[in-house]
Amino acid sequence: MGLPDVKQSATEARLAAMTLPEGGCLKAARQAALSRVQTMGLPGRRDEYWKYTRPDTLISAEVSKASVFASDEAPMFNEFDRLRIVFVDGVYDAEASDDLSLEGVRIDRIADICCQDIHWAKDLYGVLEARGQSPVQRPLAAFNTAFAQDGVAIHVTGKPSKPINLVYVHSDEMSDAILHHVIRVEAGAEATILENGPAASRFNKCMEIDIADTGKLHLVRAQGRDHERRAATHLFARLGTESTFKSFTLTVNGVLTRNEAVIELTGDDAIAHIAGACVGDGDFHHDDTVFITHDAVNCESRQVFKKVLRNGATGVFQGKILVKADAQKTDGYQISQSLLLDDDSQFLAKPELEIYADDVICSHGSTTGAIDEEALFYLRSRGVPIDDATDLLTLAFLAEAVDEVEDTAVAEAIVARLEGWLSRRR
Amino acid sequence: MLEIKNLHVKLEDEDKQILKGLDLKVEAGKVHAIMGPNGSGKSTLSYVLSGRDGYEVTEGSATLEGEDLLDLDPEERAALGVFLAFQYPVEIPGVGNMTFLRTAVNSQRKARGEEELSAAEFLKTIRARAKELKIDAEMLKRPVNVGFSGGEKKRNEILQMAMLEPKMCILDETDSGLDVDAMKLVAEGVNALRDEGRGFLVITHYQRLLDHIKPDVVHILAGGKIVKTGGPELALEVENNGYAGILAEVA
Numbered sequence: 001m002g003l004p005d006v007k008q009s010a011t012e013a014r015l016a017a018m019t020l021p022e023g024g025c026l027k028a029a030r031q032a033a034l035s036r037v038q039t040m041g042l043p044g045r046r047d048e049y050w051k052y053t054r055p056d057t058l059i060s061a062e063v064s065k066a067s068v069f070a071s072d073e074a075p076m077f078n079e080f081d082r083l084r085i086v087f088v089d090g091v092y093d094a095e096a097s098d099d100l101s102l103e104g105v106r107i108d109r110i111a112d113i114c115c116q117d118i119h120w121a122k123d124l125y126g127v128l129e130a131r132g133q134s135p136v137q138r139p140l141a142a143f144n145t146a147f148a149q150d151g152v153a154i155h156v157t158g159k160p161s162k163p164i165n166l167v168y169v170h171s172d173e174m175s176d177a178i179l180h181h182v183i184r185v186e187a188g189a190e191a192t193i194l195e196n197g198p199a200a201s202r203f204n205k206c207m208e209i210d211i212a213d214t215g216k217l218h219l220v221r222a223q224g225r226d227h228e229r230r231a232a233t234h235l236f237a238r239l240g241t242e243s244t245f246k247s248f249t250l251t252v253n254g255v256l257t258r259n260e261a262v263i264e265l266t267g268d269d270a271i272a273h274i275a276g277a278c279v280g281d282g283d284f285h286h287d288d289t290v291f292i293t294h295d296a297v298n299c300e301s302r303q304v305f306k307k308v309l310r311n312g313a314t315g316v317f318q319g320k321i322l323v324k325a326d327a328q329k330t331d332g333y334q335i336s337q338s339l340l341l342d343d344d345s346q347f348l349a350k351p352e353l354e355i356y357a358d359d360v361i362c363s364h365g366s367t368t369g370a371i372d373e374e375a376l377f378y379l380r381s382r383g384v385p386i387d388d389a390t391d392l393l394t395l396a397f398l399a400e401a402v403d404e405v406e407d408t409a410v411a412e413a414i415v416a417r418l419e420g421w422l423s424r425r426r
Numbered sequence: 001m002l003e004i005k006n007l008h009v010k011l012e013d014e015d016k017q018i019l020k021g022l023d024l025k026v027e028a029g030k031v032h033a034i035m036g037p038n039g040s041g042k043s044t045l046s047y048v049l050s051g052r053d054g055y056e057v058t059e060g061s062a063t064l065e066g067e068d069l070l071d072l073d074p075e076e077r078a079a080l081g082v083f084l085a086f087q088y089p090v091e092i093p094g095v096g097n098m099t100f101l102r103t104a105v106n107s108q109r110k111a112r113g114e115e116e117l118s119a120a121e122f123l124k125t126i127r128a129r130a131k132e133l134k135i136d137a138e139m140l141k142r143p144v145n146v147g148f149s150g151g152e153k154k155r156n157e158i159l160q161m162a163m164l165e166p167k168m169c170i171l172d173e174t175d176s177g178l179d180v181d182a183m184k185l186v187a188e189g190v191n192a193l194r195d196e197g198r199g200f201l202v203i204t205h206y207q208r209l210l211d212h213i214k215p216d217v218v219h220i221l222a223g224g225k226i227v228k229t230g231g232p233e234l235a236l237e238v239e240n241n242g243y244a245g246i247l248a249e250v251a
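Chains as they are written, first to last, in our numbering: chain A, 1 to 426; chain B, 1 to 251.
Isolated chain A, as found in the complex (with noise of 0.2 Å):
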């Protein structure tokens, strides 16, 4: 059975723009993932998946102009101590990134896996993403398999002393970055990856990553400030026994993200927190997209997302755990919960548990709500000014989220970037 026409022909028209790279070791991997995205097509506006969410921008052949934002307020980690690695519109600047070579860690741009030999990428490249397109289709990542223009592999086989900071610098208005990246974190092993910038004017970013047993992966990103850009996102994990993976997002305007997780919890004992804070104002659109299989005995994974909405702006919430019958004593916790500080602004949710074990836990909610005027009357009755009274509410509501990030130095700028944000909203 064929795909429909206006999906067949927007898929047609998008890969005819698109030219194959030479790929080299991968070079299969590639071109088993075009063929994947002929098949399934790329995301339609019908496609239950995409109901709360226009992929139109995503998978047009021409990108939407996106101006260069200019802020006063420093790149995000700047103040940190971290191995930096630039990229410029979604490629990689060797004179901006710091060298490569850190102890613990071993990293390559993906150009590089080929003619270095490193088989545990290239056995990685693609691999999680095709496991993810089951039960639920995700074409954008297949399409960013394919056509993935840099990246880089990080072979995490140590505790390397710093993060390591993906910076992604978006510096042409119409541009239009594919990025993939690989990670394999060994047993044992422990590194922090810190991500920052809006990459392109539209970016799509792709991030496999594979945790051995006993092996830790925090991520902590930081999406960039820019109004005009767009993005989707994909981050596939596998998780094995006693391992853990930590991620959260910040995100802070944008007109079109998207971001995907899927996570598979393969090894008894893992564990996965999965949190977001996103605040967005007037013309925003944040989706945050999640599933989660837990294919173990005893694992723990967490899902906690906050969305502060204002001005018109849509958040989207879709997340599901699935336990599956050999999954005893999954512990799986779910909220996705919005703030809208005016009437204009909306948040649509779809909270999904679909479990096949008998010995389990699993807790979802979702809420959304405008701000307490008990509370509110509360701060301004001790003195606190309106608008200061917000912004503490505002803050307080974000928190659970922000306290998913384990070390408080990064939460503390996640914090003051979030007070810079309601600041300039007076």
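Source of the hints: derived by calculation from the structure; they are not laboratory data.
Please note that a few of the clues may not be correct.
To be verified - One-sided and incomplete, this derived list gives chain A residues near chain B with beta-carbon spacing under 8 Å:
1. ALA375
2. PHE377
3. ARG380
4. SER381
5. ARG382
6. GLY383
7. VAL384
8. PRO385
9. ILE386
10. ALA396
11. PHE397
12. ALA399
Fair warning: this is a prediction, and the values are worked out from it, not measured in the lab.
Backbone N, C-alpha and C define an ideal beta-carbon position, used for all residues, glycine too.
Put chain B on the given structure of chain A with help from the hints.
Below, chain B without anything else, positioned relative to chain A:
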């Protein structure tokens, strides 16, 4: 200090008159108590003075040291020196008690054109005040009133009062939900703040709080008006005979 003249207040959304011509004058350095049966308008009076939404003043005035309160926002009234100790202190998850207090103190100082307290000065003062009220460091770190017992919430109100040093303290049924020991502690906290330059309005159902916070003047509020004013003996009369006797007498 506080002067209320012929105050008429109705609910904003309903055609229900609650205060019907209330007159009251609280002098600096004095403690006035207001007692009255349920539904007499005691809590409404405290909310109207502190600026809560939902009430409409249809007639009359309320001034603090000659400044009109009724047109001001709650935060402006607070900066002028009005403080309401809530009957039901509000829980605010996610806002640390210490952050809240520092923000409140410095917001008021800023509004009055005074210099903000440094972190060190603030810490020193709050530690001393908290100790007097038997509030431990843990309680200061926790989110405002979240998981506090009834007694802890009320002590936290008095701590706020001690830190903000208001001119006019209004205590709305501060004794409700307190056991005898907690009430003593709260009363001691209030008594420690009694000062020549500060007025108190203590709203209560029962005489027992007034054993600990000795009032100079006692008013009986009924049907939205002060119907009788007297000395501390009036509170004892209420305790012994209930409101029925007094109300029959003034009717």
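Cross-check of the supplied hints:
1. ALA375: holds, 5 Å
2. PHE377: Where the cut-off is 8 Å and the nearest Cβ of chain B is about 6 Å from PHE377/A, the hint holds.
3. ARG380: Result: holds, 4 Å to nearest chain B Cβ.
4. SER381: holds, 5 Å
5. ARG382: Status holds, d = 4 Å.
6. GLY383: holds, 4 Å
7. VAL384: VAL384/A check passes; min Cβ-Cβ to chain B is 5 Å, inside 8 Å.
8. PRO385: holds, 5 Å
9. ILE386: holds, 7 Å
10. ALA396: Hint on ALA396/A: holds, closest Cβ of chain B at ~3 Å, below 8 Å.
11. PHE397: Cβ of PHE397/A sits 6 Å from chain B, so the hint holds.
12. ALA399: It holds, given that the least Cβ distance between ALA399/A and chain B is near 4 Å, below 8 Å.
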